[in-house]
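Chains E and X, in that order, give the protein sequences. Residue numbering for the first sequence follows the working numbering, starting at 2 and increasing by one per position. Residue numbering for the second sequence follows the working numbering, starting at 106 and increasing by one per position.
Possibly wrong hints are sitting among the right ones.
[As the list claims (entries may be wrong)] Mimicking DSS-like on lysine-lysine, the simulated pairs with C-alpha atoms at most 30 angstroms apart in a straight line are: (1) X/330 with E/438; (2) X/361 with X/216; (3) X/211 with X/275; (4) X/216 with X/201; (5) X/156 with E/541; (6) X/361 with X/211.
[Claimed, not checked] Residues of chain E placed beyond 10 angstroms of chain X at every Cβ, according to the derived structure: (7) 134; (8) 245; (9) 390; (10) 507.
Calculated directly from the structure, the hints in this document are not laboratory data. All C-beta atoms, glycine included, are put in the ideal place defined by N, C-alpha and C.
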Amino acid sequence: MSTRVAESPASLADPDELALGLPESYLSAGSTLGSWLTTTDHKRIAILYALSVTLFFFIGGVAATMVRLELFTPQADLVGADTYNKLFTLHGVIMVWFFLIPSIPTTFGNFLLPLMIGARDLAFPKLNLASWYLNVLGGLTTTAAVLAGGIDTGWTFYVPYSTTFSNTAVTVGVMGVFISGFSTIATGVNFIATTHLLRAPGMTWFRLPLFVWAMYTTSIIFVLATPVLALTLILVAAERTLGLPIFDPARGGDPILYQHLFWFYSHPAVYIMLLPGMGIVSEVITCFARRRIFGYEFMVYALVAIAVIGFFTWGHHMFTSGMSPYAALIFSFLSFVVAVPSAIKVFNWTATLYRGQVGFESPMLYVLGYIGLFTVGGLTGLFLASIPIDVHVQDTYFVVAHFHYIMVGATVSAYFAGLHFWWPKFTGRMYPETWAKFAAVLMFFGFNLTFFPQFIAGYLGMPRRYHVYPPEFQVWNVLSSSGAAVLAAAYLMPLGYLTWSLFFGARAVNDPWNASGLEWRTTSPPPRDNFFGRPAVLGKPYNYHPEGAEPVHDQPRMPSQGSLT
Amino acid sequence: MPAWLMPVAASTQAAKVDRIFIGLTLVSAVIVLLVVGLVVTFAIRFRRGSKADRGPLPEVVSREFEIGWTAATLFVFVFIFWWAASAEIGAFSPPKDALEIHVVGKQWMWKTQGSNGAREINELHVPVGVPVRLVLTSQDVIHSFYVPAFRLKRDAVPDQTTEAWFQATKTGTFQLMCSEYCGTDHARMLGRVIVMEPQDYAAWLSAQPEGDDLAHQGERLFSEKGCSGCHAPGSSVHAPSLAGIWGQAVQLDGGKLATVDAAYIRDSILQPARDIVAGYAPVMPSFKGLLSDGEIQALTAYIRSLGAGPREIRTPGVPPLSSRVPGAQPARSPAMVPGAPVLDTPAPAGPAVRP
Chain E
2 MSTRVAESPA SLADPDELAL GLPESYLSAG STLGSWLTTT DHKRIAILYA
52 LSVTLFFFIG GVAATMVRLE LFTPQADLVG ADTYNKLFTL HGVIMVWFFL
102 IPSIPTTFGN FLLPLMIGAR DLAFPKLNLA SWYLNVLGGL TTTAAVLAGG
152 IDTGWTFYVP YSTTFSNTAV TVGVMGVFIS GFSTIATGVN FIATTHLLRA
202 PGMTWFRLPL FVWAMYTTSI IFVLATPVLA LTLILVAAER TLGLPIFDPA
252 RGGDPILYQH LFWFYSHPAV YIMLLPGMGI VSEVITCFAR RRIFGYEFMV
302 YALVAIAVIG FFTWGHHMFT SGMSPYAALI FSFLSFVVAV PSAIKVFNWT
352 ATLYRGQVGF ESPMLYVLGY IGLFTVGGLT GLFLASIPID VHVQDTYFVV
402 AHFHYIMVGA TVSAYFAGLH FWWPKFTGRM YPETWAKFAA VLMFFGFNLT
452 FFPQFIAGYL GMPRRYHVYP PEFQVWNVLS SSGAAVLAAA YLMPLGYLTW
502 SLFFGARAVN DPWNASGLEW RTTSPPPRDN FFGRPAVLGK PYNYHPEGAE
552 PVHDQPRMPS QGSLT
Chain X
106 MPAWLMPVAA STQAAKVDRI FIGLTLVSAV IVLLVVGLVV TFAIRFRRGS
156 KADRGPLPEV VSREFEIGWT AATLFVFVFI FWWAASAEIG AFSPPKDALE
206 IHVVGKQWMW KTQGSNGARE INELHVPVGV PVRLVLTSQD VIHSFYVPAF
256 RLKRDAVPDQ TTEAWFQATK TGTFQLMCSE YCGTDHARML GRVIVMEPQD
306 YAAWLSAQPE GDDLAHQGER LFSEKGCSGC HAPGSSVHAP SLAGIWGQAV
356 QLDGGKLATV DAAYIRDSIL QPARDIVAGY APVMPSFKGL LSDGEIQALT
406 AYIRSLGAGP REIRTPGVPP LSSRVPGAQP ARSPAMVPGA PVLDTPAPAG
456 PAVRP
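In isolation and in its complexed conformation, chain E is listed as follows (with noise of 0.2 angstroms):
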């Protein structure tokens, strides 16, 4: 059912569109490099992202490549002390703040939040291309710190090291971080208005796709905290720059409320990464198992529990730090809790399956992949969240391994599971599916591979950020390394069929996987204005049933006779 091609006009969203004549989709509305810079489309300023996000991606794997090459000896031999330092930084930095965060949000979200709610554009058009400046004016500040010399503090910035000891490039480096906080924070102001003020009649609350949900916690949290991030990180460049003694212990300043500030924001930060891909997931198993998703407004639940919840356990970064015993009690309590919620998700997700109809496209199986990873990730977060443990796993390779399987193996999967499943209306080009299964399966057992053995390695003992390492544990190293190899092929695989698929790939239909979402009654791609008419919702999302039939399209659906705008 993949590679249905447009045959016929009778499988267009609408036939009456036809005797219109179709507006011109929203890649032809100009070619130049002009009228890409200065669109104001949320959609074009989605594929700006994807280019964006898709160079970093890259040059963080880069380093993440050299990182893992360098561990497969315990000797120096590739790189020496300081240039892994540099290296392992790198990584982190672009990584976390020009991939991860802005990932799914800002090319998913950007694109499909509009689409998905029947809008014609996001709330402030061109905010949003000034985020897409921010965010790529911050990202090359950063990378000009690498070529001024690197930063070798670690993505963390921990202070004093950042502040008094480190000679590298910390000012430029936190400014770069500092300039893309506020493209997050517009595109979360953006993102939460649009919810607001701009869904098509009947499109309530509780019929939101829970990708717009995702998308609407994480802005919250995108406006909540990302202004303490940014304001830390400028006292940081204070105290380096102008000498003003925040955090100096010198004078009277405390390293360890920096690690409250910054892990206040950078924790609540996990569930930037987390929810948008969550909402993913919800949108893709919904539509290969044919099934509505099982309890919905449990599955909205918990993600505002979790954006909610998620504010207020940032301390579990902190256990071996010297703080309160008791302090330290209520944050592993409130880590606990917030695992509940994402546990609910993960049944809810099972239970969607159940007394389906599931195809296995390559959509599907990163999603079950996910959900996978996921679990294990989340498991292992309960071991970091048990005082005892974190204290001898703290700063090891299994926090390392922990939070690669949440960040990189789930949030990496859901995000490659949206890029496949909405690839069609992004380009309206069909990929080669057997490719994009292949790499689906490979990326599954290329992460565990990587990653895996780093649990055991962390429980034995050996710390991050180590360029040297005592020979006992050169067994889980080459293992990893070993898996980074096959990891890093899966991640180049669709870099090439997604681009062949641009020029030779089967034109797409505008509804190849017959699914129910709004963005889907429109043309693939879509025109400038998303839909011909003003659409209307009839029902809730995810209308999958009855069983074993075919998706019915009366709800929600376009009204016929509205007007073209």
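Starting from the known structure of chain E, fit chain X onto it as the hints suggest.
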């Protein structure tokens, strides 16, 4: 668990941590098997085109399922929290008779000094079966004192003291590492903890070219740095006596109370104008930049050795310090003569170059 999957467990805490870890691993394995099993079963049984029954679910059932597994998950998670937390609460405070070791981290070495005087670099000798309390600080950036075999980790933070304790259960040599990233040679900031039988430990201790214990050093500093000029009884300067103040609450100018602990003493030395004891003039100069972290630790140890009860301050140097110094007199070897030369830079532990 096979040895290649579990690190050596050589402390009382290690056994507890491993129990929780194995328990949690089993619970996790059950949950992973449940989820993966259900996903695979449903995906195969309800694959597109299969003949499985696909009737609608009654709304009530799904609601009850939802509430059921929310409650079950919450129960399991809170149970694990309780289990882990109760193990932690038991380890909050060290036993009273713990051997006290001061640890200073600096780029990129560990300096340790027992309250009984033994000074080491990148090594720490401790007796087996005896609780050991670590008091950590750092001279530069944040480090973290990590001994995997003890399941022990605590950050050493500049200008703050943190504490941790352990009780070794096995003799042997165990790896000490820095686990908080601290710059270029972070990966080479290694050391060894050598756990010995008590009699071997006593022999080792007596063979050390010992200097003073910490409180004795502090006593000497107290007069060398001029503290005694004002704080000794009989001084013409009106300054509070330090005898017997440790652990007591003192009345501050402005009505607040402060408890005399390491942080209070540190602040009083470095920022004397901040908290003025009621009834005294703010005449003390700051010693910021004049005293190292180690010297402040020594002075703190001295003031603490003066005890918590009212007691006349001694003229520095003359009579021997009382047995109030941690690490009681009989445990100390006759070789520990105050004033003996101290080797400050012994060779770092372990091979100089990694194989």
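Here is what the structure says about each hint:
1. As the CA atoms of residue 330 of chain X and residue 438 of chain E are separated by approximately 75 angstroms, the hinted pair breaks the 30 angstroms bound.
2. Restraint check for residue 361 of chain X and residue 216 of chain X: the C-alpha separation of about 37 angstroms exceeds 30 angstroms, so the hint is violated.
3. Distance hint between residue 211 of chain X and residue 275 of chain X is fulfilled; the C-alpha atoms sit about 28 angstroms from each other, no more than 30 angstroms.
4. This hinted pair checks out: residue 216 of chain X and residue 201 of chain X have alpha carbons roughly 24 angstroms apart, not beyond 30 angstroms.
5. This hinted pair checks out: residue 156 of chain X and residue 541 of chain E have alpha carbons roughly 28 angstroms apart, not beyond 30 angstroms.
6. Distance check on the hinted pair: residue 361 of chain X and residue 211 of chain X sit about 36 angstroms apart at the alpha-carbon level, beyond 30 angstroms; violated.
7. For residue 134 of chain E, the condition that its CB be more than 10 angstroms from all CB atoms of chain X holds, with the nearest at approximately 33 angstroms.
8. No beta-carbon of chain X comes within 10 angstroms of the beta-carbon of residue 245 of chain E; the shortest separation is about 17 angstroms.
9. Here residue 390 of chain E does not stay apart from chain X, with its beta-carbon only about 6 angstroms from theirs, under the 10 angstroms limit.
10. Interface exclusion of residue 507 of chain E from chain X stands, the closest Cβ pair being 21 angstroms apart, more than 10 angstroms.
Comparing the model with each numbered hint stated earlier shows that hints 1, 2, 6, 9 do not hold.
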